[in-house]
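Next come the chains, spelled out residue by residue.
Number of protein chains: 2
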Amino acid sequence: MTSMTTAKRVRLSPEARREQLLELGVEMLTTRTLDELSVESLAEQAGISRGLLFHYFRNKQEFHRAVVQRAADDLLATTAPDPSLEPIARLTRSLEHYVDYVRRNHRAYLSLVRGAASGDDSLREIFDRTRDVLTRRITDNMGVFGLTDGAAERLLARGWSAMVEEVVLAWVADPQISQQKLLAVLTQTLPAMLSVPGLAAAE
Amino acid sequence: MTSMTTAKRVRLSPEARREQLLELGVEMLTTRTLDELSVESLAEQAGISRGLLFHYFRNKQEFHRAVVQRAADDLLATTAPDPSLEPIARLTRSLEHYVDYVRRNHRAYLSLVRGAASGDDSLREIFDRTRDVLTRRITDNMGVFGLTDGAAERLLARGWSAMVEEVVLAWVADPQISQQKLLAVLTQTLPAMLSVPGLAAAE
Numbered sequence: 001m002t003s004m005t006t007a008k009r010v011r012l013s014p015e016a017r018r019e020q021l022l023e024l025g026v027e028m029l030t031t032r033t034l035d036e037l038s039v040e041s042l043a044e045q046a047g048i049s050r051g052l053l054f055h056y057f058r059n060k061q062e063f064h065r066a067v068v069q070r071a072a073d074d075l076l077a078t079t080a081p082d083p084s085l086e087p088i089a090r091l092t093r094s095l096e097h098y099v100d101y102v103r104r105n106h107r108a109y110l111s112l113v114r115g116a117a118s119g120d121d122s123l124r125e126i127f128d129r130t131r132d133v134l135t136r137r138i139t140d141n142m143g144v145f146g147l148t149d150g151a152a153e154r155l156l157a158r159g160w161s162a163m164v165e166e167v168v169l170a171w172v173a174d175p176q177i178s179q180q181k182l183l184a185v186l187t188q189t190l191p192a193m194l195s196v197p198g199l200a201a202a203e
Numbered sequence: 001m002t003s004m005t006t007a008k009r010v011r012l013s014p015e016a017r018r019e020q021l022l023e024l025g026v027e028m029l030t031t032r033t034l035d036e037l038s039v040e041s042l043a044e045q046a047g048i049s050r051g052l053l054f055h056y057f058r059n060k061q062e063f064h065r066a067v068v069q070r071a072a073d074d075l076l077a078t079t080a081p082d083p084s085l086e087p088i089a090r091l092t093r094s095l096e097h098y099v100d101y102v103r104r105n106h107r108a109y110l111s112l113v114r115g116a117a118s119g120d121d122s123l124r125e126i127f128d129r130t131r132d133v134l135t136r137r138i139t140d141n142m143g144v145f146g147l148t149d150g151a152a153e154r155l156l157a158r159g160w161s162a163m164v165e166e167v168v169l170a171w172v173a174d175p176q177i178s179q180q181k182l183l184a185v186l187t188q189t190l191p192a193m194l195s196v197p198g199l200a201a202a203e
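Taken in sequence, the protein lines are chains X and U.
Going by our numbering, the first residue of the first sequence is number 1, and it counts up by one from there.
Going by our numbering, the first residue of the second sequence is number 1, and it counts up by one from there.
None of these hints come from the bench; they were simulated from the model.
Which copy is meant is left open, because identical chains are indistinguishable; a pair holds if it fits in one copy or across any two.
As a list, the in silico SDA-like pairs of lysine to any residue whose alpha-carbon atoms are at most 25 Å apart:
| # | residue 1 | residue 2 |
| --- | --- | --- |
| 1 | Lys60 | Glu125 |
| 2 | Lys60 | Gln45 |
| 3 | Lys181 | Ala151 |
| 4 | Lys181 | Val144 |
| 5 | Lys181 | Asn105 |
Let the sequences and hints guide you as you build the complete structure.
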């Protein structure tokens, strides 16, 4: 709580303050759902007034979107492929960071996933864009798996992302296998899926 | 609209009336979201009063849950494996019925999927139970793929269901490949995923 106490005393630039509020919002999502993330609790934690908070975010919805967007940006940054690694090692490393992220930010991640399914179209857009980026990291490198970048391969790559999401969330909730085995298996499923004979068959 | 006009005139038993309301609710979900499915519009379509509707469902939430449960039951029934078929043909047939269901009931299916992610815990439970049943149809038949039924295999089977859901929803929204190719590819990914070497490795 030291940083929050400091925040109370220090006069921040508007950009730095907005940044601080977003980081605090994402941090608060580690222990509560998006619905539970109220403007009041954030203002209190940040040591600023409710009124000042609305200077940065017009309303609760805009604040929620900005926090979810930040969580999505964090996820994409932390799982960014390391170009110095060989393709399979690169994939495993990204998955490792993904699993770490979901473990550390379980609530924030659920908010991202659930936002996708909520009635809020702009939360859905954030999720869709995030999944698109994750999928493109695969489809842009189809050659690695000896495959061309076709419509069916893109569908499967998107599906693989959804599979990883489901498996990792289930594993975090109930880790019955080691993280090492989880990572090995998930890494192997991508080339396995993308090598099924039906993909090579004529349309 | 003929059946609805008839409904207005015929006096139904309470069970038959409840049944009719659920079927009507699921049918209405083909063209609108769960949020848009109001008690008023259902009562109007069924030709009964709002008050009478609340005789069958205590409130809007209970009505929504019952409709989503019915959509889930329909999905499970329509995709039930045909024991007279060989394992791979059985899987393809189930997938075929699944794709048909999602095409015909796009909104209702999205309501089921999105209900899973909504704040409503009982909608989430319906979704989780449905996915459990779909997953168990696979894990109960691991021998078919020459595999034992371990924790990692169960995780992957659950992930495969999520993958199929994502792929089919994306395909229905933008069908860039033939349904035949879609079914062939999805069928093949299950044994391909469940045969990766990491599954056989020691814990």
